[in-house]
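A.B. asks: If you want the building blocks of each chain, they are given just below.
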Amino acid sequence: MSTDLIEIHFSLNGERKTIEVKPYHTLAQVLRDQLDLTGTKLCCEEGECGACTVILNEKAVTSCIVLAPEINGCELKTIEGLVQDGELDPVQEAFIEKGAVQCGYCIPGMIMSAKALLQENNDPCEADIREALAGNLCRCAGYYRIIDAVTSAGKQIREANAAKS
Amino acid sequence: MIEFSYSEPDSLVELLEMLEEGGNTAALLAGGTDLVNHIRIGKRTPNKVISLKSVRELNHELTFCQDGITIGALTTLSAIEKHSVVREMFPALAEAVNKIGSTQIRNKGTLVGNLCNASPAADAIPALLIYNAVIHIVSKKDRRTVPVEAFMKGPGKTDLQQGEIVESIFVPTPPANSGSCYLKSSRRDGADLTIVGAAALVALSGEVRIGLGAVAPVPFRAHAAEKMARDEPVNLDAALDEAVKQANPISDLRASREYRLAMIKTFTRKAIHICRERIQK
Ligand code: FES
Ligand code: FES
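Protein chains in written order, with the UniProt record's numbering: chain U, 1 to 165; chain P, 1 to 281.
If you're looking for bench data, these hints aren't it; they were derived computationally from the structure.
Bear in mind the structure is a predicted one, so any value in this text is a computation, not a measurement.
The beta carbon of each residue, even a glycine, is placed where N, CA and C say it ideally should be.
Don't take each hint at face value.
Among chain P residues calculated to face chain U with C-beta under 8 Å, some are [claimed, not checked]:
{"hint": "1", "residue": "M1"}
{"hint": "2", "residue": "G32"}
{"hint": "3", "residue": "T33"}
{"hint": "4", "residue": "N37"}
{"hint": "5", "residue": "R40"}
{"hint": "6", "residue": "E57"}
{"hint": "7", "residue": "Q104"}
{"hint": "8", "residue": "K108"}
{"hint": "9", "residue": "L236"}
All chains should be modelled from the sequences, with the hints used to inform the complete structure.
C.D. replies: So this is what it looks like as structure tokens:
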């Protein structure tokens, strides 16, 4: 059995990365402990709470149950990658504006789940939002404002798109 | 987490070779949503994890032909629930898959992986049962197929032998003029384990199929109930009693045995009504 380091290549927030990882480390561990990207939170570490949600190949996944070597060749986005040219993402703006953040611990995961949803469907109904966020728990229980924020972010994105075209 | 090695074979031959060599110290990784947790809690202690991800013969896609759909070893649960053909022709499967875990889990987890973990409460299995799905198995020496009904052997136990893997699941097209559906009873709507899972299919010809999950060590087809429901459609209540007789649920923190037994009838009856409505459309 070789538990030596494995070299992996992937895209991280739009930048190419080559790093060496332990085969038995999770993606969440690598992000936080190896790459110092501590925006991704760890809580249950069993795929139940959503705090560690990242976007892997355009899909929201919980990074605490992804093995680090699995991301070889993948495109990865974390909460740190949402800011563009110093500007917050519309989803982040909406969370602030709607007062959706209390202690904040669940928020990076909530935002990544919301972001993945809005990339696929920028006009979700409330049921779509609830389904997309069903795997993200907020123990401050600020769910209503979170749903408001995602609704409003969708609207912002649609308006921005309309203005562009 | 314990230490293990990780490999990513790129052909089936190489994979099966590794699997044979690794014996029961090797674990297969598809979506990993169960495996990584099982390793973390010590339920499994592999010293070698073999990822299926790069095996070129294993399919990430879902393919369909006139006879039915083939779900690959790497087809994610999300890909299945969102597929228009699945939604239209196999609504019970789309509904059951949508009830598994959360969006994040479905984006990563695979149906084949879910099947191989053989949870008594697995949502998709009752749906696979009513569609008479067939499991395609491959090993170094052989290929064989097993009906899904014979694949499940007990909680966490399947018909897979050492050195074998599930290559795909074939789901035959349901009979003409039929309706099907899956209903789940759980404490909350999203991301919760099933108390009772009821899948049903009703055809205009009178045929009725009932698949039940979370009420016995393995999900099962309620054959006696099906026969009665076909022969005496007005006497559905008596038919459902047969389904209850076949069940042997446990009591756990989610529900008592008694509650589960009661809910079998409620949910199956509801599922059959929905099927009947769906035939008309
Ligand atoms: S920490 Fe990953 S889902 Fe809870
Ligand atoms: S804001 Fe505190 S857990 Fe969600």
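A.B. asks: Now, for every hint given, state plainly whether the structure supports it.
C.D. replies: To see whether the hints hold, each was checked on the structure:
1. This hint holds: M1(P) has a C-beta 5 Å from the nearest C-beta of chain U, less than the 8 Å allowed.
2. At a threshold of 8 Å, the smallest CB-CB gap from G32(P) to chain U is about 6 Å, leaving the interface hint in force.
3. Look at T33(P): its Cβ gets to within about 6 Å of chain U, closer than 8 Å, so that hint holds up.
4. Given the 8 Å rule on beta carbons, the hint for N37(P) holds: about 5 Å separates it from the nearest Cβ of chain U.
5. The criterion of a C-beta within 8 Å of any C-beta in chain U is met by R40(P), whose closest approach is roughly 7 Å, and the hint holds.
6. Proximity of E57(P) to chain U is violated relative to the hint, the smallest CB-CB distance being about 18 Å (cut-off 8 Å).
7. Against a cut-off of 8 Å between C-beta atoms, the interface hint on Q104(P) holds, since the closest Cβ of chain U lies about 5 Å away.
8. Interface restraint check: K108(P) against chain U, minimum CB-CB distance 5 Å, threshold 8 Å, status holds.
9. Evaluation of the L236(P) hint against chain U yields a violated restraint, the C-beta minimum of about 31 Å exceeding 8 Å.
Hints 6, 9, counting from the list given before, are not met by this structure.
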